[in-house]
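> Take these sequences, add in the hints, and give me the full structure.
If you want the building blocks of each chain, they are given just below.
Number of protein chains: 2
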Amino acid sequence: MSRGPLLSGYEPHRRPRSPRRGRATSTQATLRDVADAAGVSVTTASVALNDVRAGVRVSEPTRRRVREVAKRLEYRPNSVARSLRTQSTQTIGFISDEVTTTPFAVSMLAAAQAEAARHDQLLFVLNVGVDATPAMQRRAVDALVEHRVSGIIYACMHHREIDAPDFLPQRTVFLNARDVTGRHRSIVPDDEQGGRLAATALVEAGHERIGYLDDSAGNVAAPLRRKGFQDVLRESGLGRSASWERSATPDVSGGRDTELFFDLPIDQRPTGLFCFNDRMAMGAYQRLRRLGLHVPDDLSIVGFDDQEFIAAELDPPLTTVRLPLAEMGARAVQQVLDADPATPDEQTVRVPCTLVRRASVGAPPAVLEQG
Amino acid sequence: MSRGPLLSGYEPHRRPRSPRRGRATSTQATLRDVADAAGVSVTTASVALNDVRAGVRVSEPTRRRVREVAKRLEYRPNSVARSLRTQSTQTIGFISDEVTTTPFAVSMLAAAQAEAARHDQLLFVLNVGVDATPAMQRRAVDALVEHRVSGIIYACMHHREIDAPDFLPQRTVFLNARDVTGRHRSIVPDDEQGGRLAATALVEAGHERIGYLDDSAGNVAAPLRRKGFQDVLRESGLGRSASWERSATPDVSGGRDTELFFDLPIDQRPTGLFCFNDRMAMGAYQRLRRLGLHVPDDLSIVGFDDQEFIAAELDPPLTTVRLPLAEMGARAVQQVLDADPATPDEQTVRVPCTLVRRASVGAPPAVLEQG
DNA sequence: CTGAAAGCGCTTACAG
DNA sequence: CTGAAAGCGCTTACAG
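Quick note, the sequences are listed as chains A and B, same order. Numbering-wise (UniProt numbering), the first sequence opens with residue 1 and increments by one. Numbering-wise (UniProt numbering), the second sequence opens with residue 1 and increments by one.
Be careful, since some hints might not be right.
Copies of the same chain are indistinguishable here, so a pair counts whether it falls within one copy or spans any two.
[Unchecked claim] Think about it this way: if two alpha-carbon atoms lie no more than 25 Å apart in a straight line, the pair counts; the simulated DMTMM-like pairs of lysine to aspartate or glutamate are:
no.	residue 1	residue 2
1	LYS71	ASP142
2	LYS71	GLU146
3	LYS227	GLU346
4	LYS71	ASP166
5	LYS71	ASP263
6	LYS227	GLU161
7	LYS227	ASP251
8	LYS227	GLU204
9	LYS71	GLU235
10	LYS227	ASP190
The hints are simulated quantities; they were obtained by calculation from the structure and are not laboratory data.
Dropping the structure here:
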């Protein structure tokens with residue numbers, strides 16, 4: 001029954017309505033077109049194509065015929081009509097606080113989209129700046145609500161805490177941000193556990209004096225990472241010294257321009273350093289280089305983020321903690337689609353980080369061992 | 001007329017239909033709800049809210065009343081219904097060949113979304129891998145077509161040439177890719193002009209022997225950049241030598257592991273180097289460093305891409321050519337929305353690159369001048 | 001197994 | 001200036 005390609009002749013429409021129908025150009029075939037061409041009712045065509053109660057609702061030959069016609073006419077169901085009828089668009093809104101703008105956290109988006117596709121959902125992606133006014137945010141949310149998305153994911157580039165505005169629909173989940181009102185579910189990385197990972201990597205390599213280059217910009221991740229880091233040091237019975245801790249802007253210049261501990265007597269300086277993020281670590285590399293020092297011979301370094309094009313490309317490649325951004329993105333979609341609201345104590349999901357071992361961690365300098 | 005917040009009482013629905021309507025929870029108000037509460041017909045409510053022929057179609061007092069009620073009920077028009085009726089979803093599909101996955105070209109997406117918002121359009125974002133089979137691509141396109149997007153943007157991470165599959169709707173535009181069938185419009189960066197920019201920067205700094213580290217991976221941008229580069233050298237009356245040209249994989253290792261020209265006699269080596277991209281330039285930095293050489297004192301370097309977190313963060317910061325990704329993304333949306341199909345010779349839009357001057361270009365080493 | 005009918009929530013001629 | 005009616009393209013009781 002292959003009567004040639006695209007839009008070949010079939011029985012003319014019985015439909016008397018629009019005279020515009022020349023069918024010359026590529027008007028999309030409707031379900032009615034299919035039904036007419038197959039000689040069945042629209043009801044039957046619908047059922048046949050959707051396989052509702054397959055085999056019993058519609059006879060197999062009819063089903064086949066409808067499907068063949070649909071194929072021949074290149075029928076594509078109109079999900080707009082379907083959505084209106086079923087009161088369900090297969091659609092999720094993804095609002096981002098710059099994640100689409102900054103390469104940094106884009107894997108959240110990619111993973112969210114992939115997970116959405118797995119559930120036959122499409123993603124509307126909307127970028128509002130970090131500095132968006134409430135009015136701008138509201139406009140973004142409204143656009144999504146008007147399109148009747150089944151839920152909204154509000155994603156942030158950096159782990160943040162947010163006082164959720166009240167114009168957000170019930171079915172909103174925060175991604176890489178925690179809603180402090182507790183009204184919405186939140187998915188965040190487990191920064192504290194990540195900090196533990198970093199410290200552990202250094203401790204296990206034999207370091208006993210470990211410094212920390214902290215963030216001075218007030219990221220909510222900072223105290224968490226620091227806590228995990230310090231807990232491990234304490235549990236390992238290692239000392240701490242205020243002179244081993246520094247803080248700076250969380251970027252390359254922060255890492256490069258911060259004076260480290262090389263003014264300390266050689267037997268009192270840290271032999272390992274944990275940096276709040278990879279960019280600071282990159283800056284620390286640059287500073288060491290200017291000092292004629294080497295990683296990891298003179299100083300072992302652990303970063304945070306496993307940032308693409310940085311961590312793996314540094315010389316030597318950086319050992320770092322990887323944020324579970326992809327998993328977080330996927331989880332966000334699952335949460336949005338998940339019917340039952342989480343119990344209160346499950347409102348915040350913390351996804352664990354992983355350690356990526358590369359070449360920036362080595363044993364402590366031998367000369368210092370005996371110091 | 002502020003009768004309290006959300007869903008406060010108004011005249012009960014005359015609508016006898018669904019008994020499900022408890023209105024207890026947050027059911028979205030419909031236009032009919034608004035009309036009932038305002039004591040007008042649905043027609044009038046629609047016209048009042050949409051400002052059709054403002055002032056003449058509906059009296060000002062009526063208009064105001066309807067709007068007040070709409071506000072009180074937190075009415076949000078249902079664009080699904082509107083789309084079905086008007087046969088126009090305000091929606092564009094953005095299919096990406098990994099752009100959402102790789103931080104690299106994400107600004108195309110961000111700019112496209114911003115431009116779309118400017119036209120009251122929402123973007124469906126879909127990521128298909130570079131290695132997606134035709135069947136997978138088709139599924140992505142179908143999903144978009146079923147949602148009746150008004151057009152599709154097919155974005156590629158790297159400048160490519162594509163033989164457009166025939167299942168793409170007419171209104172598709174390629175972004176960062178050229179459709180070789182000529183059936184669709186394409187927006188690409190002007191790599192040749194970018195190559196000219198790079199060469200010019202070096203020539204103007206006084207370099208007379210300029211090397212090129214080319215891409216060996218077959219990127220379509222490579223011959224274009226090389227041509228622009230070489231044209232400028234020729235026009236400047238500078239010589240060329242095969243021994244000044246190398247090619248390697250377009251990443252950090254490619255730049256780092258390629259032997260440059262330091263085996264040549266000092267008065268015959270290039271004093272400037274143009275790298276196919278920033279990552280190769282980053283690799284070249286690393287190699288020079290191992291050789292104990294400095295940028296730009298020993299070698300001036302120009303990259304390509306102005307890649308975030310790399311170009312500006314290198315030590316010294318890299319002079320490079322910036323791809324007009326944001327402008328390209330915005331143009332793509334304009335093209336999709338643009339009713340009149342371009343004339344054949346306008347099928348491909350080439351957007352110019354810009355030079356970003358930083359610190360990796362200096363004068364040629366003095367010692368070599370006299371060579 | 002099949003079809004006629006209602007209705008999702010809008011917009012837009014059309015008639016008053 | 002206002003409203004009743006049709007219809008966008010589907011799905012889904014409901015009745016045969």
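> Please flag the earlier hints that this structure goes against, numbers listed from lowest up.
5, 9
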